[in-house]
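A.B. asks: Each chain, letter by letter, is given below.
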Amino acid sequence: MLRAALRNLFAHKLRLGLTALSIVLAVAFVAGTYIFTDSLRASLDTLIQQNQPDVTVQPTAADFTSDFQGGGQTPTVPTDLGDQIRQLPGVTSVIPQIQVTNVVVLDGQGKPLGAEAGGFGSGTVIGQTWTPPEVNPSEIIDGRAPSAADEIALDTGTVDQLEVVVGDAVTILLPSGDRQEFALTGTTRLRGSGFGVGFATWDFDTAQELFLKPGQATSLAVLAQPSVSQGAVRDEIVPLLPPGAQAITGDEQASQVSEQLDSGLGFLNTFLLVFAIVSVFVAAFLIYNTFSMLVAQRTRELALLRAIGASRSQVLRSILAEAAAVAVLASLIGIGVGAGIARGLQALFQAAGAPFPSGQLVFEPRTIVVALVVGLFITLVSALMPARRASVIPPVAAMRDETPASRALGRRTMVGGFLFGAGLGLAVMSPRLAESDTMQGALMAGVAAGAVLIGVLALAPELARPATAVIGTLFRGISGRLARGNTRRNPRRTAATAGALTIGVCLMSVISVLAASTQKSVAGIVDDVIGADFVVTGYGFQPFPGKVGEAIRDTAGVAEVAVVRQAPMRAPGTGDTLVTGVDPVAIQRALSLTVTAGSLDDLADGDTALDSDTAAQIGAGVGTTVQVLSLAGPVDLAVVALYEPAGGLTGYITDLPTAQRLGTSDEDSVVYVVKDPAVPADVVEAAIATAVEPFPNVQVLDQSAFKSSISDQIGQLLNFLFALLVLAVLIALLGIVNTLALSVFERTREIGLLRAVGMWRGGIRRTIVIEAFIIAVFGAVLGMVVGVAFGALLQRILASQGIEEFAVNVPQLALFLVLAAVGGVVAALWPAWRGSRLRILTAIATE
Amino acid sequence: MTTTATTAASARGLTKVYGEGEARVVALNDVDIDIEQGHFTAIMGPSGSGKSTLMHCLAGLDSVTEGTVTVGDVDLTTLKDKELTALRRDQIGFVFQSFNLIPTLNAEENITLPLDIAGTKPDKQWLDTVIDTVGLRSRLDHKPSELSGGQQQRVACARAMASRPAIIFADEPTGNLDSRSGAEVLGFLRRSVDDYGQTIVMVTHDPNAASYAQRVVFLADGRIVDEMRDPTAERVLDRMKRFDIEGKPVADPEA
Numbered sequence: 001m002l003r004a005a006l007r008n009l010f011a012h013k014l015r016l017g018l019t020a021l022s023i024v025l026a027v028a029f030v031a032g033t034y035i036f037t038d039s040l041r042a043s044l045d046t047l048i049q050q051n052q053p054d055v056t057v058q059p060t061a062a063d064f065t066s067d068f069q070g071g072g073q074t075p076t077v078p079t080d081l082g083d084q085i086r087q088l089p090g091v092t093s094v095i096p097q098i099q100v101t102n103v104v105v106l107d108g109q110g111k112p113l114g115a116e117a118g119g120f121g122s123g124t125v126i127g128q129t130w131t132p133p134e135v136n137p138s139e140i141i142d143g144r145a146p147s148a149a150d151e152i153a154l155d156t157g158t159v160d161q162l163e164v165v166v167g168d169a170v171t172i173l174l175p176s177g178d179r180q181e182f183a184l185t186g187t188t189r190l191r192g193s194g195f196g197v198g199f200a201t202w203d204f205d206t207a208q209e210l211f212l213k214p215g216q217a218t219s220l221a222v223l224a225q226p227s228v229s230q231g232a233v234r235d236e237i238v239p240l241l242p243p244g245a246q247a248i249t250g251d252e253q254a255s256q257v258s259e260q261l262d263s264g265l266g267f268l269n270t271f272l273l274v275f276a277i278v279s280v281f282v283a284a285f286l287i288y289n290t291f292s293m294l295v296a297q298r299t300r301e302l303a304l305l306r307a308i309g310a311s312r313s314q315v316l317r318s319i320l321a322e323a324a325a326v327a328v329l330a331s332l333i334g335i336g337v338g339a340g341i342a343r344g345l346q347a348l349f350q351a352a353g354a355p356f357p358s359g360q361l362v363f364e365p366r367t368i369v370v371a372l373v374v375g376l377f378i379t380l381v382s383a384l385m386p387a388r389r390a391s392v393i394p395p396v397a398a399m400r401d402e403t404p405a406s407r408a409l410g411r412r413t414m415v416g417g418f419l420f421g422a423g424l425g426l427a428v429m430s431p432r433l434a435e436s437d438t439m440q441g442a443l444m445a446g447v448a449a450g451a452v453l454i455g456v457l458a459l460a461p462e463l464a465r466p467a468t469a470v471i472g473t474l475f476r477g478i479s480g481r482l483a484r485g486n487t488r489r490n491p492r493r494t495a496a497t498a499g500a501l502t503i504g505v506c507l508m509s510v511i512s513v514l515a516a517s518t519q520k521s522v523a524g525i526v527d528d529v530i531g532a533d534f535v536v537t538g539y540g541f542q543p544f545p546g547k548v549g550e551a552i553r554d555t556a557g558v559a560e561v562a563v564v565r566q567a568p569m570r571a572p573g574t575g576d577t578l579v580t581g582v583d584p585v586a587i588q589r590a591l592s593l594t595v596t597a598g599s600l601d602d603l604a605d606g607d608t609a610l611d612s613d614t615a616a617q618i619g620a621g622v623g624t625t626v627q628v629l630s631l632a633g634p635v636d637l638a639v640v641a642l643y644e645p646a647g648g649l650t651g652y653i654t655d656l657p658t659a660q661r662l663g664t665s666d667e668d669s670v671v672y673v674v675k676d677p678a679v680p681a682d683v684v685e686a687a688i689a690t691a692v693e694p695f696p697n698v699q700v701l702d703q704s705a706f707k708s709s710i711s712d713q714i715g716q717l718l719n720f721l722f723a724l725l726v727l728a729v730l731i732a733l734l735g736i737v738n739t740l741a742l743s744v745f746e747r748t749r750e751i752g753l754l755r756a757v758g759m760w761r762g763g764i765r766r767t768i769v770i771e772a773f774i775i776a777v778f779g780a781v782l783g784m785v786v787g788v789a790f791g792a793l794l795q796r797i798l799a800s801q802g803i804e805e806f807a808v809n810v811p812q813l814a815l816f817l818v819l820a821a822v823g824g825v826v827a828a829l830w831p832a833w834r835g836s837r838l839r840i841l842t843a844i845a846t847e
Numbered sequence: 001m002t003t004t005a006t007t008a009a010s011a012r013g014l015t016k017v018y019g020e021g022e023a024r025v026v027a028l029n030d031v032d033i034d035i036e037q038g039h040f041t042a043i044m045g046p047s048g049s050g051k052s053t054l055m056h057c058l059a060g061l062d063s064v065t066e067g068t069v070t071v072g073d074v075d076l077t078t079l080k081d082k083e084l085t086a087l088r089r090d091q092i093g094f095v096f097q098s099f100n101l102i103p104t105l106n107a108e109e110n111i112t113l114p115l116d117i118a119g120t121k122p123d124k125q126w127l128d129t130v131i132d133t134v135g136l137r138s139r140l141d142h143k144p145s146e147l148s149g150g151q152q153q154r155v156a157c158a159r160a161m162a163s164r165p166a167i168i169f170a171d172e173p174t175g176n177l178d179s180r181s182g183a184e185v186l187g188f189l190r191r192s193v194d195d196y197g198q199t200i201v202m203v204t205h206d207p208n209a210a211s212y213a214q215r216v217v218f219l220a221d222g223r224i225v226d227e228m229r230d231p232t233a234e235r236v237l238d239r240m241k242r243f244d245i246e247g248k249p250v251a252d253p254e255a
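Order-wise, the sequence lines are chains A and B. 607 is the number that my numbering gives to position 607 of the first sequence; each next residue is one higher, with no gaps. 29 is the number that my numbering gives to position 29 of the second sequence; each next residue is one higher, with no gaps.
No wet-lab data here; the hints were simulated from the structure. Glycine included, each C-beta is placed from N, C-alpha and C at the ideal position. Take the hints with a grain of salt, since some may be wrong.
Calculated Cβ distances over 12 Å to all of chain B for the following chain A residues [stated by the list, open to error]: (1) Ile95; (2) Phe267; (3) Arg412; (4) Gly446; (5) Gly477; (6) Ala483; (7) Arg553; (8) Ala597; (9) Asp712; (10) Asn809; (11) Val810.
Here are the simulated lysine-lysine pairs, DSBU-like style, with alpha carbons at most 35 Å apart [stated by the list, open to error]: (12) A:Lys13 - B:Lys143; (13) A:Lys111 - A:Lys547; (14) A:Lys547 - A:Lys213; (15) A:Lys13 - B:Lys121; (16) A:Lys13 - B:Lys241.
Please model the entire structure based on the sequences and the hints provided.
C.D. replies: Structure (structure tokens):
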């Protein structure tokens, strides 16, 4: 009897343990998200707050260039302005600074550092000047600061990756396309953060010679006497400023950056929380299932409590109190595990190429409160229904032997059917709404998908019987028959277990379908729009030297070279955007653009072609004049043509001279090459490859390679999203472990009987594993059907945004199914082992 | 009634000890027994006498501490779990007091369960005979929950017979049944002995049930204390009463 009691306790611990684990994982994701963004925030804050100059003088254009890395001229301020400022009372020093993007560090083979590994923007670092410690966010870790024209310092991360030491020579590819060798004098690091951005540092004169013209700096850092306020210094400086320059106090700058961070990190936080909430939702299924089984198993115990005088609310409270205790404990553990999740997110983002710091983790009190609230809320809500069911157990149930049969599913089925139908209705309507407003349409489709998914989950018990019968036919023999029977015994439980997996697989399928459709659509656009034979791009789509285009132009077998140059600007209808400079004749040979009004041939100095969407938005047409804010200040442009956006061309297009006035530099974003039809493609490709050899930061792609390079990028994004869904799927698989372990416990006598009449341990294991397989495949197929359908719907809605074709990545979906099935089988191993180890006699003798 | 006295199963010096030290309980103490082939043997005894343990040991459900157990000409104590399982499946049939059937399988599937586990085709003719004997023809596609207690036990009996085992072990097969259903089940067991030469060992504490057997073995304190041929309910009851009179440590009536 004692043994039975101990066994009971163990099983009790087990089921609570598994429930707790699912709460832990869900809470950990939520907590981890907050810890991650808080830590990021803290790292960036230390960076912003320390070593701020009192006032910074910088070009006004810096306001709208910050969103765009590289491309366009570098806005500057004159250094002699610094001399004037230095004369002002209260100013102690003025430090001219230079900071440029698009400096490429080359490895020993002369390739961009990390290009082999396919890193995003491989080898690209920020070029900067070494400044006094008062205004320098970096510190020297090893060696000394560079002080001569052939000297350089690099950040520790880049140095480690290069595998060089102080004193070695390093080769830098400059924006001009020239390579230059420098002696490494020291290594640098941003103070108090592991921020993953690379820096190449020179002394001021060297940097000015490399990147700017004499008399130019990208900003001036002004330090004042402590007795003078920042505002007072700024007010003194303002009258001295030439047009295109502005003075900002350190506090203003800090709060500006802080605001940008708030919105950026807020978005990141929300984005991650969406995935965390999916995990929480999945965990709710597990919790619900566990408490349902717990109540079912304790029917007699609870009925006995009622028989000896416990009230309904006492029973209800006892179950909920148990749930709350588990929730609090699990949530606290979840916060700890959240730290691990935060580290995982850091690694994930770094792997995806985002230079996020891996500094100290920050636990805000808010994180702990949110984690506890989420853990408690989700557990209590999930346990409420089972607890209510427990409270209505009549005292007489204590005398009955059998656990109550599964109740009719009537009301649940009705609600499920209603949601399913309503969702379908919305889904059918949403594409029409999307025609007038894509966002609204997508929102409606999202609501529709949510309703359909919840509807399907509610209907799942009804679907479970036929579905498991079909899947079960895969297995002949008695184990298969028994497993099938077991999955159908309690459809509610099977459905809830499978449903957890359904959610994860559904989301993965949606993402998969959207990605496949995007890839196919992009390939279609490349086919339709790009008439060029080759596309030349920089690694990570960084701009590259104009010399590349020139070198290709001189190559034999090349008929036409169309360069695309871009610079940041602020314009009506598009906000902060890029102006695109092209040669009107060349670009029309390289791309098949659909011109809806006017003609691109008319594109002359001071003119612009505008995409039809933007034109409609600002009410412009051929003949309209639009004022834009360029790096060089406000400029009027006359609209001479309207075109359909295609092949990455959108917004304002000008000819090359106009673009240069608007701020483009000698760097190209893309170069399209049309070959002489008489020369074979491989001959031309080889010739171009030779021509661009001096420029290791560009790649020459033919059409199919260009398509697959875009596909690869989408694929990377896809993997990133899948990684965020892994936890939800993991919790779902945990649910299978849980359900089966408890089922094994419930079926102790049955297993004993099977063993007695001659079933081997292997047979018992096989039965349990097949049961898990059926549940997992049922859940996955259900999710996949809903997911693919919703993916198709989204594709239709987003057709106007360029995802014009529908595609399904069948091998990928098949892989999901296989992984779900394998996951289910793995989840069953432990319960199966336990089931097979049951001692026959104890099993038979169990009450 | 058969008169052959070939042995279907036997035990020599069978001792079964549970626990150690203070908690040490000797459930069976040096038991010698022969189960005659084609006979209906009942094992009786008060609660805690070791009758269920004896059955479990004879049937290969439990390991023995000392001695040997033979079924046919196989010594069970030398078998590994897998061989023992196969022996139970092929040579032995079981009828338990309750929870005899797999709830997800219908009556017919439950009857053929050991055959299905073994992966052998049932002998159709024999199966029909068995099903008709227990009178379940019309209930074959019913789930256990749709059958009465008596019907469930008849399904269990049919299952035990379906694979033509060397021995059927029945553990209180009528313990949960009303007297009419119990009589039906016992009648069926007896008929299978008389008509088909089936060997049956039944553990019971019910003198009326024991009267269906041809031989009753009485157990007390883990030893065989008496034996009775061609019992009647009255004689068995009388014999049982003497356990109390002799002051044997009898536990409260079995639950």
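A.B. asks: For every hint, state whether the structure bears it out.
C.D. replies: So, going through the hints one by one against the coordinates:
1. Ile95: Label holds. Min Cβ-Cβ 81 Å, cutoff 12 Å.
2. Phe267: holds, 51 Å
3. Arg412: holds, 22 Å
4. Gly446: Its Cβ never comes within 12 Å of chain B, the nearest being 40 Å, so this holds.
5. Gly477: Non-interface label fails for Gly477 (chain A): nearest chain B Cβ at 7 Å, not farther than 12 Å.
6. Ala483: Ala483 (chain A) is in fact no farther than 12 Å from some Cβ atom of chain B, at 9 Å.
7. Arg553: holds, 77 Å
8. Ala597: holds, 72 Å
9. Asp712: holds, 49 Å
10. Asn809: Asn809 (chain A) clear of chain B: closest Cβ-Cβ about 38 Å, beyond 12 Å.
11. Val810: It holds; Val810 (chain A) is separated from chain B by about 35 Å at its closest Cβ, greater than 12 Å.
12. A:Lys13 - B:Lys143: holds, 33 Å
13. A:Lys111 - A:Lys547: Cα-Cα ~17 Å, so holds.
14. A:Lys547 - A:Lys213: holds, 19 Å
15. A:Lys13 - B:Lys121: violated, 44 Å
16. A:Lys13 - B:Lys241: violated, 47 Å
Violated hints, in rising order: 5, 6, 15 and 16; the structure is consistent with all others.
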